[in-house]
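Undergrad: Here the structure of chain A is known, so what remains is to put chains B and C in place on it, guided by the hints.
Residue numbers (the working numbering), protein chains in the order written: chain A, 188 to 509; chain B, 9 to 350; chain C, 4 to 300.
Since the hints were derived computationally from the structure, they do not count as laboratory data. Be a bit skeptical, because a hint or two may be false.
Claimed, not checked - One-sided and incomplete, this derived list gives chain B residues near chain C with beta-carbon spacing under 7 Å:
1. T51
2. D66
3. K214
4. D216
5. L239
6. A240
7. Y254
8. N304
What the hints assert, rightly or not - Derived DEER-like restraints, expressed as beta-carbon distance ranges:
9. A:T215 / B:A306: 35 to 41 Å
10. A:P472 / C:G92: 52 to 58 Å
11. A:G399 / C:V287: 38 to 44 Å
12. A:P244 / B:A251: 57 to 63 Å
We put the CB at the ideal spot given by N, CA and C, even for glycine.
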Amino acid sequence: MNSPFVVPVNPDSACQPPSTKDFVVDRTFRALARIGVVLVLALVFALVFEVGRKALPGMEKHGFDVLLGSVWDVNQGKYGILPAIWGTLYSAFIALLIAGVFGVSMAIFLTQDFLPAKLAAVFRTIVELLAAIPSVVYGLWGIYVVIPAIRPLTAWLNTELGWIPFFGTSLSGPGLLPAALVLAIMILPTIAAVSQDALTGVPMKTKQAAYGMGTTHWEAILKVMVPSAATGIFGSLVLGLGRALGETMALAMLVGNANNISLSLFAPANTLAALLALNFPEAGPNEIEVLMYAALVLMFITLLVNVAGSMLMLYAQRGTRQ
Amino acid sequence: MKSLMKSAALAVAVSLSATSVFAAESIRLTGSGASFPAPIYLTWFKDFSKKSAGVTVDYQSKGSGAGVQDFLNKTVDFAASDSAMKDEDIAKVAEGVQLLPMTAGEIVLAYNLPGNPKGLKLPRDVYSDIFLGKITKWNDPKIVAANPDLKLSDTPITVVVRADSSGTTAVFTKHLAAINPAFKDALGEGNTVNWPATDKFIKSPKNDGVTATVRQTPGAIGYIEYGFAKLAKVDFAQLQNKAGHYVVPNAESGAEALAAVKMPESLVAWLPDPDGAKSYPITSYTWMIFRKDNGNPAKAKAMREMVEYSLTEGQKIADSMGYIPLPASVVEQVRKASANIQ
Amino acid sequence: MTNLTTPDIALPSLQRRFEGRALRSLVLTTLVWLGALLASVPLISVLYMLITRGGARLSLELFTELPPTGFETGGGFGNAMAGTLVMVGIAAAIAVPVGILAAVFLAELGPDSKLASAARFAAKMLTGLPSILAGVFAYALVVMTTGTYSAPAGGVALAVLMLPIVVLTAEESMRMVPKIMKDAAYGMGCTRSQVIWKIVLPTGMPAILTGVMLAVARAAGETAPLLFTALFSNYWIYHDGNLAVMNPTASLAVLIYNFSGMPFDNQLELAWAASLVLVMIVLVVNIVSRIFGKPKY
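Chain A on its own, in the form it takes in the complex:
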């Protein structure tokens, strides 16, 4: 194979055209990268195919009843996952709201010269470590620390402000709020770590230019740094949301797993991932079909939420560009 770059040059020159070897390596590497992408796609296709294949009989048998029903009664063959869909979205939304606000402010706090660099690095490592704590530990922490801690506040909110639907019921123990709080703590490390990288990735010059224009510290952060890192921060939220939607054990321990649809933050709820994990090990063939159906729904929700987020992102970018 001949290199297309063959041009006679002075062999002593610092500038060399790529050799044939360089050319081959280049093409091979590019081909490998393409294979990598194809593998990712193939994996998702294989997954959807595998899940879809097992879900198909359930979809044919039950159709939309599964999506719209709110009763899960194996004995009567009634499988409704509407409460689980509702609980999944509700808990993930609250968790993302909390973790997004705190995670991004933590990322700003750790990257924008509020702390000495060394200290920030230590803090950052600690936050990243929290991503490794097993789900079960978060679940136990939620039961023994979070629920007792919020019980007095929730009781007060329920008695004083019970007319607001969010505080409509009393907290028995496990419920939507404790689950969402623990979920927020669980996804905070992901959001904080990835947003931090996005913020540190903004070239120094950009910030210096902003200061040169006479901006205050905060004007530089909010008007220059955060918008420059916006795609990265958005990416962190996507990862966080993904984990929130798919999280199982901690939620199973804290959410109460009741097929309720309620606006109340204190009522027990249910989520799709918990429903799957809890019922799968003992499920009979009929139930597995429906569980696989539920899994497809969960994947579809993740996709839908991501598409919505990407559109929002594009819209926001257009806004700043003017």
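TA: Only chains B and C this time, still in chain A's reference frame:
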């Protein structure tokens, strides 16, 4: 017994020279299934593996249903199940299936009341109505009538049930359906049932999830396995049995219940509501599932030895771990049937 | 993308006067401090619980002994640690190269191609995959074909969970590499691969490593996929002088899941200690990868 002593002595010798590798082919048995008997199975298998050279037994608790599924997919050598095995599943196994009851357990009602009163007594209609969501306060006249000595406040009853699909739920609901027709009509029985949808019914995963939630929630009541409750030191109620007596769950009352039912040829016996004045009302066997034709004589032999160990040495520790030893007649039946594992 | 060219701030006048924006800065600084402190409270609370309850049992014996049963005292989880290292290693060996290669394509080679946008959506969809499905998938793919629970099956399941995290974070970190650096390299006559190898990957490495770390951390703590693929074992993966990888394999996550559900104090203590050890393993991997992944330029 003598041979066992001998093999034990041999095992000591082997473990002393642990570095020397045995020339004999090592056999590894893999099992999965029910989580309820997992603690005792793991103890048995570890001890058995230590005592029999070249045989190691691995067991993982992942649920009876998953265990049976593994068994059907042939990814394990044996399975364990709280709910035996369905006939249609048995029909799928060309090699033939041998079910062996290995131990039994009770299900207790753990509670958490302000002031930690001990010795709560619950009549049959009361505890079934609590799990139907019909009795919702601790000072309900029916509870007060059964417990004149206890101070009961108007705390709402928070009912904690299993969130995961479980053999424990199956045994518990089988019993409730047997004693209360209303329960049978409304909820039925099974690994999961459709518990009343109120905000006072909380679902938690596994025994520990239910136990933790009961502990952390004043006014809570939940069903867990006796062995777990005993070791976790939670308060549990005395239940009224078929004969009308209040019975404390323990090894004796469980053994009484087992003795009240005759083990059939299939080795699958259910005790939804046992007779007998001293019988604890919620008691059940749990099974190991083997293939009759394993196509591997060495493995089959190891399995038979494993069963033999469980029937002899194994039963001795059952009581201390919160399980009920098999009645002697049942041990004999199981031993005879274990010869079918070839 | 930013308003660098037309700053909407007035030129400072020479007279010094009170400025609203200084006050706003002060308020925001206070808020971000408060936010960081408030967020630290639960984080520290979790860590505190982990360290006090797990640290109480920390000893050498934990790493050399096999898990105890029932009323046994003592014991450890050496086999589970070995199993976790093997399986997370297998998962990383699959997910990191594939993920970074895919990210190279997404960020550099064909960022706007149809293939890239499809893969990007695919990866995002994978992030929300409940971990149990990764287990079910690997069960069908590996366990059913090989006929046995095994460490590689566990590794495949974990790789499925790690892949999207690696792809998405690596793509993002490569995109943050300034265009002028790449242009300079192209100007010197580098091929695209050389630009990627010598400029993009080294510059983006710290952020790529963050992604890999998050992925490793997630994989190390996952239980559900392992229950369906590697099962568990009470014995060493190293068996009679050879590595028994095609057998059920122990892992810390499953051990924690099993033991945290038992009523025995000994097992509960071990579950806490195992959680702490798991976090420490991730810490070590984190530090080591940072030392080796430091940009050289």
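Undergrad: Hint by hint, say whether it matches the structure.
TA: Okay, the hints, checked on the actual structure:
Interface restraint check for T51 of chain B: the shortest CB-CB distance to chain C comes to about 4 Å, inside 7 Å, so the restraint holds. Residue-level restraint check for D66 of chain B holds (minimum Cβ-Cβ distance to chain C is 5 Å; threshold 7 Å). Satisfaction of the interface hint for K214 of chain B is found here, the shortest Cβ-Cβ separation to chain C being roughly 5 Å, below the 7 Å cut-off. Checking D216 of chain B against chain C: minimum C-beta separation of about 4 Å stays under 7 Å; hint holds.
A hinted interface residue such as L239 of chain B counts as satisfied when its beta carbon comes closer than 7 Å to some beta carbon of chain C; here the least separation is about 3 Å, so the hint holds. A hinted interface residue such as A240 of chain B counts as satisfied when its beta carbon comes closer than 7 Å to some beta carbon of chain C; here the least separation is about 4 Å, so the hint holds. Of the supplied interface hints, the one on Y254 of chain B is violated, with its beta-carbon coming no nearer than about 25 Å to a beta-carbon of chain C, more than 7 Å. The criterion of a C-beta within 7 Å of any C-beta in chain C is not met by N304 of chain B, whose closest approach is roughly 13 Å, and the hint is violated.
Against the hinted window of 35 to 41 Å, the Cβ-Cβ separation of T215 of chain A and A306 of chain B comes to about 50 Å, which falls outside the hint. Checked against the hint of 52 to 58 Å, the C-beta distance between P472 of chain A and G92 of chain C comes to roughly 36 Å, which is inconsistent with it. At roughly 42 Å, the beta carbons of G399 of chain A and V287 of chain C sit within the given window of 38 to 44 Å. Remark: the range hint 57 to 63 Å for P244 of chain A to A251 of chain B is contradicted by a beta-carbon distance near 47 Å.
The structure does not agree with the numbered hints 7, 8, 9, 10, 12 stated previously, though it agrees with the rest.
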